[in-house]
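In the order they appear, the protein sequences are chains A and B. The numbering of the first sequence is the working numbering, which starts it at 6 and goes up by one. The numbering of the second sequence is the working numbering, which starts it at 6 and goes up by one.
In short, the hints are calculated from the structure, not lab data. A few of these clues could be false.
Intra- or inter-copy, both count: the list cannot distinguish identical chains.
As the list claims (entries may be wrong) - Heads up, simulated BS3-like pairs for lysine-lysine below, C-alpha to C-alpha not over 30 Å straight-line:
hint : residue 1 : residue 2
1    : 97        : 322
2    : 108       : 238
3    : 368       : 179
4    : 108       : 179
None of the values given here were measured: they were computed from a predicted structure.
Protein chains: 2
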Amino acid sequence: MKKNKQKIYLDYASTTPAGESVVSAMIPLLQKDFGNPSSLHALGQDALYAIDEARRKVAEFLGAKESEIIFTSSATEADNIALSGVLQKEKKAHVITSVIEHKAVLEPLNSSSAEVTYLPVNKEGVVKVEDVLKEIRENTVLVSIMYANSEIGTIQPIKEIGAAVKRINENRKKKIVFHTDAVQAVNYLPCKVNDLNVDLLTISGHKIYGPKGVGALFIRQGIEISPIFYGAKQERGVRPGTENTAAIVGLSQAVEDLQKNMTEKTEKLRDRIIDTILSEIPQTRLNGSRERRLPNNINISFKGVEGESLLIALDQKGIAVSTGSACASRSLLPSYVLLAIGLSHEEAHGSLRVTLGRMTTEKEVDYFLEQLPLIVERLRKISGK
Amino acid sequence: MKKNKQKIYLDYASTTPAGESVVSAMIPLLQKDFGNPSSLHALGQDALYAIDEARRKVAEFLGAKESEIIFTSSATEADNIALSGVLQKEKKAHVITSVIEHKAVLEPLNSSSAEVTYLPVNKEGVVKVEDVLKEIRENTVLVSIMYANSEIGTIQPIKEIGAAVKRINENRKKKIVFHTDAVQAVNYLPCKVNDLNVDLLTISGHKIYGPKGVGALFIRQGIEISPIFYGAKQERGVRPGTENTAAIVGLSQAVEDLQKNMTEKTEKLRDRIIDTILSEIPQTRLNGSRERRLPNNINISFKGVEGESLLIALDQKGIAVSTGSACASRSLLPSYVLLAIGLSHEEAHGSLRVTLGRMTTEKEVDYFLEQLPLIVERLRKISGK
């Protein structure tokens, strides 16, 4: 069917393939070591041990205690537990977040009865520390700001926000809890929770070459979190249901495999793509920040071209990219993230997200940069713009 | 370390190993077919197609429409969605359930603001249809009765309860929704939702030789269910978070592999175990029903013996069994299910659950029946009872 057999995946922010070592670590837990961690017999206890060991690895990566790590079925669930878990016990609570958070943060807040302040971002997509501080009220119980944005790759000053909240907490009886969704950051940025000054932090398996269907939530000791649904008392009563041992072990293997030395290579490829597009294709603009940017993120607006048309044309050439977050891809609305940094509806609709990953090669980038200008030119001709 | 290398697993109600075909079906979705089903490019659409196909298989098994199946991260989550999903929209709602439901049903109901009637069961653990009818009130919106109990294997008259509720609904403006947790039933009992007259039905992956971390909920067309947590709009807005494609496909493969012809063979082994224990070991009693019983469930009380001591002694002989549900195994409280059918605390503490599965052989049963009487005798001598 497909003429072009070449397959180039440049959508690593949507999801990543599980690494070989991850799949190898998972398979025994599905088959011979399939015990239920709640069972008292040896097979069950072996499964419990495997989870403990996974918890130790994730805790080590985050510089946290093992007892501070909870495994969940996804980052979405972890975000919901973090937010609703804090808010459920509070009446008339106030929360500060940003307008460009992931839906997994915005939607639970929209659905809660809390007062929510949605902070604006500057044209690069950055939340200002002083804006957070300005909005703190007496009844503020929670601040949730993502570590890095999935669409435009902007990195937030989490460490600085955390430090500022910490200072304010020194003079407050009711402490403010600081949460960050670090899903997009984990592959490239330092994630030690004490350096970041965060109380709650979310990670996802499938964004870091682990399996889908698993996430983890760091909950700083002393912070009480209620479950968002109920059953037996797994995961310290915070997350019920038989533990997904294979996925949990897969996530911990993915964390162990994180290659921090990928950053420089990835940044070089990213900069080459950005520079080439901006210089060789007229009427293009980079969305987000040039400096505070994830090493693997490119987000460009093309005047007079629909992002979806670009995506489909590239797909026909065997190149997989995105127009924004995968989660919103079936929506016809323009990206709320791009609108928030000041793009018009038309500009937002004309945007493309290219995200690099562990397997991305120079050759793949060559091919992409060869095809893209031709496609943009053709689409502009068709639309007459 | 272990002297006895023999490994006999007789705890299939706690969890099952994933079948070869299940693991084979999952691996591609973790690696080469790893796309995010929300991505518009071919890799994403292939993943979406895989989920659609999985949904078709599960729907077919249940005799339901594809649009009536929602995938979740566990049966616990599916039960919570079913119950809270119905109750969230209701004020002053009344729910009817039984005292022997799984924690995944009891705990969300305990945590809800609904009035809940907990129906008693008879000494075999059976809920009476007329007891359900008697408790129906004007504000009754939900009935939730499990298909078969995980501890004592008692099969409930789901079809009859469903038919009775259906008849009552004919004369009600506000229809009563009927939910059943079918987790333990799926391996052996008919599960066509229209025959069962159910509106909501829960299944689990890891109880039917599928992976952990996945469940499914049948939601009859026309029944509105709210999500229990929030994010992007996956699974028709009922269950957010990137779909766990590998586990979903694994679940559907497990459903496809269900071997109904296992029932007779399993029942024979079960009856041999029950008859041998009751006749050869003095002061034993069968818990649950002899007739309305899952083909793979044996639950026996041994006078003067602690269930946990039995479990540990058997484990040392390489035989894995349970004292009750795995989920409650870390609790020191006696089984609420056994208390509900009239056992004393002492009798409940002296109980053992043996559950058979697809891989159980005559030889394994021989060995178990050879070891058990010796162990019981020894433990009784030690305790002097």
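Here is what the structure says about each hint:
no.	hint	verdict
1	97 x 322	neither (53 Å within a copy, 58 Å between copies)
2	108 x 238	both (28 Å within a copy, 9 Å between copies)
3	368 x 179	neither (55 Å within a copy, 63 Å between copies)
4	108 x 179	within (27 Å within a copy, 34 Å between copies)
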